[in-house]
Amino acid sequence: MSLLTVDRLSVAFPGHTAVREASFSIAAGETLALVGESGCGKSITAFSVMRLLPSNARIASGRILLDGIDLLSLSEPEMREVRGAKVSLIQQEPMTSLNPVLSIGLQITEVIRRHERLSRKAARARAIELLDLVRIPDAHRRIDDHPHNLSGGMRQRVMIAMAVACRPKLLIADEPTTALDVTTQAQVLDLLDDLRRRLGMAVLLITHDLGVVAQWADRIAVMYAGRIVEEAGIEPFFAQPMHPYSRGLLGARVDVDADEHYSTNRLSEIPGSVGSAAGEAGCSFAPRCPVAESACRQAVPSLLALQDDRAVACPVTIAHEGGPHGAARR
Amino acid sequence: MALLAVRDLHTRYAAGKQVLRAVDGVSFEVGQGETVGLVGESGCGKSTLGKTILRLVPSAEGSIELDGANITHLGEGAMAPHRRRMQMIFQDPFGSLNPRQTIRTVLDTALKVHRLGNATERERQLQEIIARVGLPSDSLDRYPHEFSGGQRQRIGIARALILHPALIVCDEPVSALDVSIQAQILNLLVDLKREFGLAYLFISHDLSVVRYFADRVLVMYFGRIVESASHATLWRDPRHPYTKALFAALPSADPTHKRAAPPIKGELVTTQQVRGCRFHSRCPAATDRCRAEEPQLRPLGEGHHAACHYA
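Chains as they are written, first to last, in the numbering used here: chain U, 1 to 330; chain B, 331 to 641.
There could be a bad hint or two in this list.
Among chain U residues calculated to face chain B with C-beta under 7 Å, some are [as the list claims (entries may be wrong)]:
#1 Ser38
#2 Leu65
#3 Ile69
#4 Leu72
#5 Ala258
#6 Val316
#7 Ile318
#8 Glu321
For lysine to aspartate or glutamate, the following DMTMM-like pairs were computed, each having C-alpha atoms within a straight-line distance of at most 20 Å [to be verified]:
#9 Lys121(U) - Glu93(U)
#10 Lys86(U) - Asp193(U)
#11 Lys574(B) - Asp194(U)
#12 Lys595(B) - Asp218(U)
#13 Lys595(B) - Asp132(U)
#14 Lys381(B) - Asp422(B)
#15 Lys347(B) - Glu359(B)
#16 Lys595(B) - Asp618(B)
#17 Lys595(B) - Asp174(U)
#18 Lys574(B) - Asp257(U)
#19 Lys121(U) - Glu110(U)
#20 Lys588(B) - Asp618(B)
#21 Lys169(U) - Asp209(U)
#22 Lys588(B) - Glu269(U)
#23 Lys588(B) - Asp132(U)
#24 Lys588(B) - Glu110(U)
#25 Lys588(B) - Asp194(U)
#26 Lys588(B) - Asp145(U)
#27 Lys588(B) - Asp257(U)
#28 Lys169(U) - Asp194(U)
#29 Lys86(U) - Asp174(U)
#30 Lys574(B) - Asp145(U)
#31 Lys523(B) - Glu371(B)
#32 Lys574(B) - Asp218(U)
#33 Lys523(B) - Asp174(U)
Examples of chain U residues toward chain B, derived with CB under 7 Å [what the hints assert, rightly or not]:
#34 Phe13
#35 Glu30
#36 Leu199
#37 Ala252
The hints are simulated quantities; they were obtained by calculation from the structure and are not laboratory data. From the three backbone atoms N, C-alpha and C, an ideal C-beta is built for every residue, glycine too.
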């Protein structure tokens, strides 16, 4: 059974729908990357799992099951027992997630004592262990530092320490390294991967960087305009991305491995922008799609299984690949 | 003669009682029509260097020459004709556009300040530039918030381009954009360079983008250039341990090509002065010599330079 199952989740804001019928699941201990451009709904999906949506957002339909618990049916006090203990979240900018006037030690012990009956002293000892765990040097001294004393990478490590303090089964990392330099990014993602293994956590890694996905995730779900358009294992995905949007994204990226230079290669573009489909029926990628047919502009394609553990929401691709695999998947 | 020649440039900021040496003795040239990439991590001084060259931040020492003229200490009036020759594109096109001005006002102001053409000629130029950067023809009477991120960056490019500069300093021009939009903007910059013979100083933290876009690459660390080479040489044969670490940290989009563990530890700390090589505390190959003696940028042949005792 999956650790997390998100089933046909739709999230609406006044005037627009941010997430549309999104379904995916995460097995215990695995890393699923949720990928897409700004505004595609990936962060809103994460906030739905945490039940931390902005006050004007509304879950219009769907279910979220974590470890067998229906999160959407929990009361707010019940949900507070789940956050931190079963699922926790780290965000892009650690400076704005940390309290600038409290020492990092106080902020970590607050999390621990919220969920476990521990004395101050024991909680402080645990906090030092956690700082060691996330490889902050001199943990027993740094514990009394304030966030502004730490570098960006160190702050993100503190956030990770707080997030794993109560051994959650799922860690949601929302663009955890986007604000960090590339050498620091590698250190932080290696740390997350190591903790995932040691603590047996699953990770929902939200990112726009396909290089990060290729190196640190087990599976990928690609989101476009609020919908999941492709889901696959990492190796099959990068060997052969199926959805025209996935292909476009990989093509538009400056490839680290290939010897590309502007004097000899032109980057392939995805024309237009996400807003191109505003107000139109059918597949929201159709206005930018190189293979769109007239049928694409009539009905929204559903995510259909193409092979085992591989699904794509594109009728043109599916027809080209010889039809869907078995019965409709969802 | 180089279009831009920077010699031993220093820029200092006061940080409380301390002095922060953001740019600490940088020399390089940009040729006519050449694209020079400047790459480094946040806080290394790359943006300050760009702004110092454009005289938006005062320099402490050294000289800046544009077309052979020393512009380091020119007053605002004498500087004006030179400002036309070098323009800037910023990272955040929303933060750099006045939300209460229409695109027409934004672009027309540049022409008016430099007294270029009468109303009819200016209108023709506005129409031309809008079409050239790929914006819809009705854009002129709209406001910045009506555009997407990619379109706003096109407005930033139009504003830089409308004065027909010889050099554009691009400060992280695609970092705030989504991947699919990045490619559109990079392709546009390449087309404009070919069409107008532009030279770019392309500042970015992203080595893969710099490597694609630049003819020559400068790697900056803690206020200094630590390596410079043609794009092909740098990729084939990086010599400074910092450059090597930057390459090694780039995640490959090929999952079968697993990355090695990061070769350097820690982060760039800009608040303390270091003796010896600025990189020695993070360098996997540092020796006693590195801790005592600061390496100077030295030639390695074929225009390749590195500031490492062991390069």
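Q: Please work out if Lys574(B) and Asp257(U) have their alpha carbons no farther apart than 20 Å.
A: Holds, at about 15 Å.
Q) Between Lys169(U) and Asp209(U), is the straight-line Cα distance small enough, at 20 Å or below? A) 24 Å, violated
Q | Evaluation of the interface hint that places Leu72(U) against chain B, nearest CB under 7 Å | A | 30 Å, violated
Q.
Can you confirm whether the C-alpha distance between Lys588(B) and Asp257(U) stays at or below 20 Å?
A. Within the cut-off at roughly 12 Å; holds.
Q) Does Glu321(U) pass the interface hint, meaning its C-beta sits closer than 7 Å to a C-beta of chain B? A) With Cβ-Cβ at 21 Å, over 7 Å, it is violated.
Q. Under the criterion of a CB-CB separation shorter than 7 Å, is Ile318(U) in contact with chain B as hinted?
A. The hint is violated - Ile318(U) has no Cβ within 7 Å of chain B, the shortest such distance being about 23 Å.
Q | Holds or violated: Lys574(B) to Asp145(U), with C-alpha atoms at most 20 Å apart | A | Outside the cut-off at roughly 33 Å; violated.
Q. Between Lys523(B) and Asp174(U), is the straight-line Cα distance small enough, at 20 Å or below?
A. 37 Å, violated
Q.
So if I understand the rule, the pair passes when the alpha-carbon distance is 20 Å or less; does Lys595(B) with Asp218(U) pass?
A. Judged against 20 Å, a Cα distance of about 26 Å means the pair is violated.
Q: Decide if the proposed pair is consistent with the structure: Lys588(B) and Asp145(U), CA atoms, cutoff 20 Å inclusive.
A: 36 Å, violated
Q) Does Leu65(U) pass the interface hint, meaning its C-beta sits closer than 7 Å to a C-beta of chain B? A) 29 Å, violated
**Q.** Holds or violated: Lys121(U) to Glu110(U), with C-alpha atoms at most 20 Å apart
**A.** 12 Å, holds
Of the numbered hints given earlier, the model fails hints 2, 3, 4, 5, 6, 7, 8, 9, 11, 12, 15, 17, 20, 21, 22, 23, 24, 26, 30, 31, 32, 33, 34, 35, 36; all others are met.
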